[in-house]
Amino acid sequence: MADTATQAPTDVRPPKHVVYCGVCTLPPEYCEYGGTTKKCSDWLAATHPSLHRQLYSADAAAASLSTLSVDAQKRAEKDAQKKAAKAEANEVREAEKRASSKIIIKRVERNKRKYVTEIAGLEAFGLDLKKVAKEFGKKFATGSSVTKTASGGEEITVQGDVSDEVVDWLGEHHEEIPEDNIEQVEDKKKKSAPTV
Amino acid sequence: MFKKEFTPGSKSKVKSSAQRAIRTKILETYPRLEPHVDELLPKKEQLDLLKIPDRVSLYCLGTTPLFWQHMDDAIMPHLQVVHKYPWAFPRIRIDRGAIRFVLSGATLMVPGLTSPGGRLPGDPEAGEEYGNGGKDLEVGDVVVVEAEGKENACMVGVLKMGTKEMKEKKKGVGIENGHFVGDGLWKLDLS
Chain R
127 MADTATQAPT DVRPPKHVVY CGVCTLPPEY CEYGGTTKKC SDWLAATHPS
177 LHRQLYSADA AAASLSTLSV DAQKRAEKDA QKKAAKAEAN EVREAEKRAS
227 SKIIIKRVER NKRKYVTEIA GLEAFGLDLK KVAKEFGKKF ATGSSVTKTA
277 SGGEEITVQG DVSDEVVDWL GEHHEEIPED NIEQVEDKKK KSAPTV
Chain W
118 MFKKEFTPGS KSKVKSSAQR AIRTKILETY PRLEPHVDEL LPKKEQLDLL
168 KIPDRVSLYC LGTTPLFWQH MDDAIMPHLQ VVHKYPWAFP RIRIDRGAIR
218 FVLSGATLMV PGLTSPGGRL PGDPEAGEEY GNGGKDLEVG DVVVVEAEGK
268 ENACMVGVLK MGTKEMKEKK KGVGIENGHF VGDGLWKLDL S
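Protein sequence lines, in the order shown, are assigned to chains R and W. Remember, the numbering used here sits 126 above the position in the first sequence when you count from 1. Remember, the numbering used here sits 117 above the position in the second sequence when you count from 1.
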């Protein structure tokens with residue numbers, strides 16, 4: 127019992143409050159290993175200037191490099207540069223994909239004047255298909271599922287003709303998707319003119 | 118273990134009997150967490166159990182992850198918990214050069230702990246933080262890995278080699294398959 131008494135005082139500290147970087151979600155001291163160092167540094171300077179001065183000051187950088195041998199330093203720098211370049215290339219690619227990829231909403235006839243709406247191209251915008259499919263099912267009180275297309279991609283199939291409502295929903299919930307990227311098509315069975 | 122990102126699976130409430138069992142297990146494995154366990158796992162609130170790929174269960178409280186467990190192995194704290202209460206867990210330290218590798222999910226090898234920047238319990242310079250009361254840690258112990266020059270822990274995992282053996286052999290695998298900062302589990306969005 128005697129030793130728990132000596133241990134207890136040090137242990138009842140309030141929880142430590144840790145700031146996590148807004149860019150890479152790591153504690154700011156680990157931002158340099160994330161590949162987005164410059165952005166992280168800017169974010170930190172804007173939101174927590176005191177921390178920024180602490181971590182990115184000249185002596186902090188010198189102290190961290192001094193403990194590594196010269197070769198290790200060079201390697202560490204090269205790796206950091208490669209990571210940053212990769213992260214940038216990835217981002218550019220994603221941005222391009224977003225700008226060019228279209229969401230195609232198709233209305234396909236099932237049988238006896240019943241329709242099915244197929245929505246393809248949502249993954250390019252980072253939407254979780256299963257979640258979105260479920261939401262559609264709930265919203266429109268109808269069946270909805272994720273299916274694979276012939277070309278290998280995935281699309282959401284919603285029973286009934288909900289193509290217009292889907293467009294509205296996308297505009298409301300995901301405003302980052304520009305309207306020109308959404309295309310509405312009617313699979314030709316009876317109707318002839320496709321609507322845009 | 119969580120090198121790749123993943124989406125959460127099913128979320129279910131934990132029965133209070135199971136919750137009590139988890140509480141006692143946590144107190145058993147981490148005795149120094151006792152004064153804080155009420156803050157972490159309030160008795161009144163119900164834990165959520167989230168299933169994630171690879172037979173891993175994650176216990177969380179609303180949007181805060183708490184502990185995770187692979188199959189029936191030791192129950193381990195999420196690093197967010199470790200950052201809040203670092204003194205509650207046995208800690209070791211890796212040297213600066215090993216940080217990059219740990220943060221990309223590599224296996225932690227012993228040289229990272231025995232080289233000049235590293236700290237193991239029983240080391241002369243270990244001090245109060247890494248001393249663990251002078252006792253060596255054994256195989257299978259859950260240990261938190263901090264990094265030289267950093268305030269917050271970077272990894273948590275199960276020891277594959279006792280610290281005494283590490284000091285003798287100075288080679289081999291230290292910790293495998295742990296949870297590290299920035300991995301799939303860390304980036305998991307619980308909203």
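It should be emphasised that the hints constitute simulated quantities derived from the structure, not laboratory data. Predicted model only: the values in this text are computed from it and were never measured. Ideal placement from N, C-alpha and C gives every residue a C-beta, glycine not left out. Careful, some of the hints might be misleading.
[As the list claims (entries may be wrong)] Calculated cross-link-like contacts (lysine to aspartate or glutamate; reagent style EDC-like; alpha-carbon spacing at most 16 Å): (1) W/K142 to W/D212; (2) R/K142 to W/E268; (3) W/K252 to W/E268; (4) W/K121 to W/D240; (5) W/K277 to W/D240; (6) W/K267 to R/E155; (7) W/K286 to W/E242; (8) W/K287 to W/D212; (9) R/K257 to W/D306; (10) R/K142 to W/D306; (11) W/K132 to W/D165; (12) R/K265 to R/E291.
[Said to hold, decoys possible] Reference listing, derived: stretches of chain W covered by chain R, where coverage requires no fewer than 3 residues with Cβ under 8 Å from a Cβ of chain R: (13) 138-144; (14) 151-162; (15) 268-276; (16) 292-304.
Now the hints, each set against the structure:
Between W/K142 and W/D212 the alpha-carbon distance is near 32 Å, which puts this suggested pair outside the 16 Å criterion. The straight-line distance between the Cα atoms of R/K142 and W/E268 is roughly 11 Å, inside the 16 Å bound, and the hint therefore holds. Simply put, W/K252 and W/E268 have alpha-carbon atoms about 23 Å apart, too far for the 16 Å limit, and the pair is violated. Restraint check for W/K121 and W/D240: not satisfied, since their Cα atoms lie roughly 35 Å apart, outside the 16 Å limit.
A hinted pair counts as satisfied when its Cα atoms are at most 16 Å apart, and W/K277 with W/D240 does not qualify at roughly 19 Å. Under the criterion of a C-alpha separation no larger than 16 Å, the hint pairing W/K267 with R/E155 is consistent with the structure, at around 7 Å. A hinted pair counts as satisfied when its Cα atoms are at most 16 Å apart, and W/K286 with W/E242 does not qualify at roughly 19 Å. Between W/K287 and W/D212 the CA atoms are separated by roughly 14 Å; this keeps the pair inside 16 Å, and the hint holds.
For the proposed pair R/K257 and W/D306, the alpha carbon gap of about 14 Å is at most 16 Å, so the pair holds. Taking the CA atoms of R/K142 and W/D306, the gap is about 22 Å. The hint is violated against a cut of 16 Å. The hinted pair formed by W/K132 and W/D165 meets the criterion: a straight-line CA distance of about 9 Å does not exceed 16 Å. With a C-alpha separation of about 10 Å, the suggested pairing of R/K265 with R/E291 holds against the 16 Å cut-off.
As drawn, the stretch 138-144 of chain W meets chain R at 0 residues by the rule of a beta-carbon pair under 8 Å; below three, the given contact is violated. Coverage of the stretch 151-162 of chain W by chain R holds. Counting CB-CB distances below 8 Å, 4 residues qualify, and the rule asks for three or more. Under a criterion of three residues with beta carbons nearer than 8 Å to beta carbons of chain R, the stated coverage of the stretch 268-276 of chain W is upheld, 3 such residues being counted. Look at the stretch 292-304 of chain W against chain R: 4 of its residues bring a Cβ nearer than 8 Å to a Cβ of that chain, three or more, so the hint holds.
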